[in-house]
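Could you build the full structure based on these sequences and the hints that come with them?
Number of protein chains: 4
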Amino acid sequence: MKAAKPLPPYLVRRYQGWKATTYSENSTWYKHLANEGQHPRAMVISCCDSRVHVTSIFGADTGEFFIHRNIANLVPGYEPDGAQHGTSAAVEYAVTALKVAHLIVLGHSSCGGVAGCMAMCSGHAPELLEKSSFVGRWMDILKPGYEKVKDEPDPETRQRMLEKEAVLTSLNNLMDFPFVREAVEAQSLSLHGLWTEIGAGALEYYDPAKGGFYPV
Amino acid sequence: MKAAKPLPPYLVRRYQGWKATTYSENSTWYKHLANEGQHPRAMVISCCDSRVHVTSIFGADTGEFFIHRNIANLVPGYEPDGAQHGTSAAVEYAVTALKVAHLIVLGHSSCGGVAGCMAMCSGHAPELLEKSSFVGRWMDILKPGYEKVKDEPDPETRQRMLEKEAVLTSLNNLMDFPFVREAVEAQSLSLHGLWTEIGAGALEYYDPAKGGFYPV
Amino acid sequence: MKAAKPLPPYLVRRYQGWKATTYSENSTWYKHLANEGQHPRAMVISCCDSRVHVTSIFGADTGEFFIHRNIANLVPGYEPDGAQHGTSAAVEYAVTALKVAHLIVLGHSSCGGVAGCMAMCSGHAPELLEKSSFVGRWMDILKPGYEKVKDEPDPETRQRMLEKEAVLTSLNNLMDFPFVREAVEAQSLSLHGLWTEIGAGALEYYDPAKGGFYPV
Amino acid sequence: MKAAKPLPPYLVRRYQGWKATTYSENSTWYKHLANEGQHPRAMVISCCDSRVHVTSIFGADTGEFFIHRNIANLVPGYEPDGAQHGTSAAVEYAVTALKVAHLIVLGHSSCGGVAGCMAMCSGHAPELLEKSSFVGRWMDILKPGYEKVKDEPDPETRQRMLEKEAVLTSLNNLMDFPFVREAVEAQSLSLHGLWTEIGAGALEYYDPAKGGFYPV
Chain A
1 MKAAKPLPPY LVRRYQGWKA TTYSENSTWY KHLANEGQHP RAMVISCCDS RVHVTSIFGA
61 DTGEFFIHRN IANLVPGYEP DGAQHGTSAA VEYAVTALKV AHLIVLGHSS CGGVAGCMAM
121 CSGHAPELLE KSSFVGRWMD ILKPGYEKVK DEPDPETRQR MLEKEAVLTS LNNLMDFPFV
181 REAVEAQSLS LHGLWTEIGA GALEYYDPAK GGFYPV
Chain B
1 MKAAKPLPPY LVRRYQGWKA TTYSENSTWY KHLANEGQHP RAMVISCCDS RVHVTSIFGA
61 DTGEFFIHRN IANLVPGYEP DGAQHGTSAA VEYAVTALKV AHLIVLGHSS CGGVAGCMAM
121 CSGHAPELLE KSSFVGRWMD ILKPGYEKVK DEPDPETRQR MLEKEAVLTS LNNLMDFPFV
181 REAVEAQSLS LHGLWTEIGA GALEYYDPAK GGFYPV
Chain C
1 MKAAKPLPPY LVRRYQGWKA TTYSENSTWY KHLANEGQHP RAMVISCCDS RVHVTSIFGA
61 DTGEFFIHRN IANLVPGYEP DGAQHGTSAA VEYAVTALKV AHLIVLGHSS CGGVAGCMAM
121 CSGHAPELLE KSSFVGRWMD ILKPGYEKVK DEPDPETRQR MLEKEAVLTS LNNLMDFPFV
181 REAVEAQSLS LHGLWTEIGA GALEYYDPAK GGFYPV
Chain D
1 MKAAKPLPPY LVRRYQGWKA TTYSENSTWY KHLANEGQHP RAMVISCCDS RVHVTSIFGA
61 DTGEFFIHRN IANLVPGYEP DGAQHGTSAA VEYAVTALKV AHLIVLGHSS CGGVAGCMAM
121 CSGHAPELLE KSSFVGRWMD ILKPGYEKVK DEPDPETRQR MLEKEAVLTS LNNLMDFPFV
181 REAVEAQSLS LHGLWTEIGA GALEYYDPAK GGFYPV
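Protein chains in written order, with UniProt numbering: chain A, 1 to 216; chain B, 1 to 216; chain C, 1 to 216; chain D, 1 to 216.
Treat the hints with care, as some may be off.
No copy is singled out in the list; a pair is fine if it fits within one copy or between any two copies.
[As the list claims (entries may be wrong)] Derived DMTMM-like pairs (lysine to aspartate or glutamate); straight-line CA-CA distance at most 25 Å: (1) K143 - D207; (2) K99 - E130; (3) K131 - D154; (4) K19 - E36; (5) K131 - D207; (6) K143 - E79; (7) K5 - E156; (8) K2 - E197; (9) K19 - D140; (10) K210 - E152; (11) K143 - D154; (12) K2 - D140; (13) K210 - E197; (14) K210 - E147; (15) K19 - E204; (16) K31 - E182; (17) K5 - D81; (18) K31 - D154; (19) K31 - D140; (20) K143 - E204; (21) K99 - E25; (22) K19 - E152; (23) K19 - D151; (24) K210 - D61; (25) K150 - E197; (26) K210 - D151; (27) K143 - E127; (28) K99 - D61; (29) K99 - D140.
No lab work stands behind these hints: they were computed from the structure.
Following this line, the structure appears as structure tokens:
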């Protein structure tokens, strides 16, 4: 590994500032976390998007959430085929090893991955159709969701509908994982679908009784 | 999707507190992020572990880092085979669409995924060898790293060595992605390898000249 | 332009040192800034004083803050009269072209411009009253502020009060610029008033609810 | 002043980190600066652009440079008309009160103000011609410079030529200020013209003997 560079100086200074303040004032808690291991109450699956920080929205401290972040907060289908499935591995670890009580899928507005899926499915992004497009192939997970929303004429509304379909697709796929289904049926795990609007700071949850997303 | 539950009340209350305080006092920034889009400076690949919050260590606010989190902060090999590769999709999006300037891989102490890899490779976790084990198959990425450290007699030292091998494996695999290599060679992207010790709040970086990890 | 001289050797050497180290190690970021343009989150208006480095206090790197510096961090009144207003031009560019989310006015202790204003207004600096005094005419902006603090008997306290009035005068004047007012009312821009004490490294912010400056 | 908001939390945390590290380790220097006043060796006039930090390029610490920053690092003509001239006030203070030894004008690549001037002068930005455009009226200072470069066919070359004309215009205008000319003639002040290329980290200075800019 010849290519690695030292950390940019501004991050070194900021780290040293954190070490001298936040870490220093809370070192007992960090030592506790190191010695006793993690016992997170929930797993969150959210997007890599830099604008979505679930720990901020929920005032969560170090140790509270086990967090997997990928493009468009998607969970693929259950495929125990021996191939490398990073999202499935994270879910398996959270549910079977950490035994989290909650599994939260958090979608968001202005999602670039969802916008890419929409462009791809409507014929406006041929490059995403290529076999070598990792983003395109990843967004294939949401293709069935696109079929449900494609007739909505307003593009902004369609984008939001598809962002929420991404959350529902993930929740549905999760229920196909035997260890998830068993934990849910044993009432040792509950699933939650959320969608946040970045600009307004709004948060909606999926209500299966009403079949839609509503403000929390 | 019948199984979804409303958000636990403690999270609803915390969200409402955030909305009334942090969001309310900084709504201009959230609106700016929604209207102007994200321009993160760096992508960070870190572990799902609840004890590792890169935004805290670096005093980073919403919008600064594009963050992918998976088990043991691993990047798999470059496989443009048309299958779903979530990590590869996140890297592709960050490098080709967002054009981030830095790609940081952050490993950490007491990593459960790395411990699992060690147990599996040394014959103490047969369940991880099963084809259906998502964690096991994911940790296969680190098998070559295990070969390099397996002769270290002290188990704690061996674990740390393997945690650092996870960072190096990811950095090496990243360089096999054509769009990463091209951006690195064009000096529009730099790679960085880090490892943090949770209890001591320490941070080390990989120095290719010395061939090891050193305090920042 | 006959008068220009080459750079003093000590600055040449330091530049070459920077080029060989900081620039070289972070060239990807500089190239990124050059290719992708600037997206600063905030504009800062601070004093030319060599002792006040806002980037240092806030651990800010290249690219984070759009910075205007003038004597005593003053914003003049809104005067769209076709004359050359450098401060107003900087504010206009930051708010309408760059669409910054924050506009921070940073005052400081031991401000020479503020001391000059005090001397001028109290009759101890007749040279500053002359039409040709650029510093005097510039400090006229703060004359109404002097009226508010002139009865304070302790000179040191009076100086600090006037330094803080300089911040408030600038904030008030900013709200008279239509594009600032509109952005503030649309919640796409927030204003912040700060004052720093150089020797103690202290930082205070203006709290409109309490009507004064308080430690951050 | 009702509109002021508290500082965003990320800046509060970073300030506290600076206070606990950089300030704490150098408090004697900050106290010295507060007690003994500033004695900067040079004044720098540079652009507000977030990508141009002269203290970084020259490894300058707190107290070294008296810095005025405005759009496109321009010095207007000498006009002792009793109106508010912020740039002229800063120059007057640096030369007559602080008696700096060097006055450095630093231009840079990709300057948005210069690009605006080019667009305005070539008829592509009618909004900048309006009387109420502060940026437009400020960039009027550079109109004579545009006349000198307008026949260059390549737009990128033309932009760079005009960026350098901005530096020369400022140096020429400075020499019209009596206190600047006197100090230069008394050899107690030297003027310097610089231009930096952001992406390459290059630095050029104006050589009056050769009549052009050359690498330092």
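The hints, checked one at a time:
no.: 1; hint: K143 - D207; in the structure: within (23 Å within a copy, 43 Å between copies)
no.: 2; hint: K99 - E130; in the structure: between (39 Å within a copy, 20 Å between copies)
no.: 3; hint: K131 - D154; in the structure: neither (30 Å within a copy, 40 Å between copies)
no.: 4; hint: K19 - E36; in the structure: within (21 Å within a copy, 32 Å between copies)
no.: 5; hint: K131 - D207; in the structure: neither (36 Å within a copy, 36 Å between copies)
no.: 6; hint: K143 - E79; in the structure: both (17 Å within a copy, 22 Å between copies)
no.: 7; hint: K5 - E156; in the structure: neither (41 Å within a copy, 27 Å between copies)
no.: 8; hint: K2 - E197; in the structure: between (42 Å within a copy, 24 Å between copies)
no.: 9; hint: K19 - D140; in the structure: neither (42 Å within a copy, 34 Å between copies)
no.: 10; hint: K210 - E152; in the structure: within (20 Å within a copy, 50 Å between copies)
no.: 11; hint: K143 - D154; in the structure: within (19 Å within a copy, 46 Å between copies)
no.: 12; hint: K2 - D140; in the structure: between (35 Å within a copy, 23 Å between copies)
no.: 13; hint: K210 - E197; in the structure: within (20 Å within a copy, 32 Å between copies)
no.: 14; hint: K210 - E147; in the structure: within (21 Å within a copy, 54 Å between copies)
no.: 15; hint: K19 - E204; in the structure: between (36 Å within a copy, 13 Å between copies)
no.: 16; hint: K31 - E182; in the structure: between (34 Å within a copy, 14 Å between copies)
no.: 17; hint: K5 - D81; in the structure: neither (37 Å within a copy, 30 Å between copies)
no.: 18; hint: K31 - D154; in the structure: between (52 Å within a copy, 22 Å between copies)
no.: 19; hint: K31 - D140; in the structure: neither (43 Å within a copy, 30 Å between copies)
no.: 20; hint: K143 - E204; in the structure: within (23 Å within a copy, 42 Å between copies)
no.: 21; hint: K99 - E25; in the structure: between (30 Å within a copy, 18 Å between copies)
no.: 22; hint: K19 - E152; in the structure: neither (51 Å within a copy, 31 Å between copies)
no.: 23; hint: K19 - D151; in the structure: neither (53 Å within a copy, 34 Å between copies)
no.: 24; hint: K210 - D61; in the structure: neither (33 Å within a copy, 27 Å between copies)
no.: 25; hint: K150 - E197; in the structure: within (21 Å within a copy, 48 Å between copies)
no.: 26; hint: K210 - D151; in the structure: within (22 Å within a copy, 54 Å between copies)
no.: 27; hint: K143 - E127; in the structure: within (16 Å within a copy, 34 Å between copies)
no.: 28; hint: K99 - D61; in the structure: both (19 Å within a copy, 18 Å between copies)
no.: 29; hint: K99 - D140; in the structure: between (30 Å within a copy, 23 Å between copies)
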